[in-house]
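Given chain X's structure and the hints, the job is docking chain D onto it.
Quick note, the sequences are listed as chains X and D, same order. 1 is the number of the first residue of the first sequence in the working numbering; add one for each residue after it. 1001 is the number of the first residue of the second sequence in the working numbering; add one for each residue after it.
Just a few of them, taken from the derived set where beta-carbon distance is under 8 Å, the chain D residues facing chain X:
no. : residue
1   : 1006
2   : 1008
3   : 1058
4   : 1061
5   : 1063
6   : 1077
7   : 1080
8   : 1084
9   : 1085
Since the hints were made in silico from the structure, they are not lab data. Positions of the beta carbon are idealized from the N, C-alpha and C atoms, including for glycine.
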Amino acid sequence: MTVRIQTEDFDAAAEVARLRGRRTDIGAIVTFTGICRDNDDGRALAALTLETYADMAVAEIERIVEEAKRRWPLHDALVIHRYGLMRPGDDIVLVVTASAHREAAFRAAAFLMDYLKTRAPFWKSEETSAGERSWVTAKDSDDAAAARW
Amino acid sequence: MTVKLKYFAWVRERIGTPEEEIVLPPDVVTVADLIQHLKTRGEEYVYAFENDGIVRAAVDQRHAAAGADVRAAREVAFFPPMTGG
Chain X
1 MTVRIQTEDF DAAAEVARLR GRRTDIGAIV TFTGICRDND DGRALAALTL
51 ETYADMAVAE IERIVEEAKR RWPLHDALVI HRYGLMRPGD DIVLVVTASA
101 HREAAFRAAA FLMDYLKTRA PFWKSEETSA GERSWVTAKD SDDAAAARW
Chain D
1001 MTVKLKYFAW VRERIGTPEE EIVLPPDVVT VADLIQHLKT RGEEYVYAFE
1051 NDGIVRAAVD QRHAAAGADV RAAREVAFFP PMTGG
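Chain X extracted, bound-state conformation (with noise of 0.2 Å):
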């Protein structure tokens, strides 16, 4: 398992090489990138600030990841989780996930996914081409897909 909180980007394709290796035991790996979108809900945006408590989020995500090989029989999993500016287009999140076979690596990532977004604490503020800036605020149906787990 590979947990990282960091503020520089990240090379997805690196990172699953890496994960892989030289093993020939893993069937499947399912690779999530969540970025930096240029609009919320038609809103235009130039910038997304995330603030993290970071003593707490490693552990956090561990604890999360931990969860996922309790439900998933996953051979190896990798989250990293950015923090500070990013403008459309950035990487904010990495997710991967490698099993045997692809059911467990899909269903795996989607709940890493959605339990990142309800229990990772992690904070975004948004601020729009007209330069007004406010905090997003979480959504109802990011707690209901974590909680169809």
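Frame of chain X, contents of chain D only:
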């Protein structure tokens, strides 16, 4: 018994500081008690905690419910619902 308090996102902005240390009064047992105590410290705290049940807490860097015990805590954090991912 002193405890470090940390605030994040709009909770931090409303209170006006990212962290502080306070002496925990003997009648503060739970997270909910601590919130009630903080609300006696000034308007900024009343503002931050104005809607009961919105602000989340972590005790020693783990998510904690309103009834969680804070008497032995070293660090309690308060923050809005998370919006990462």
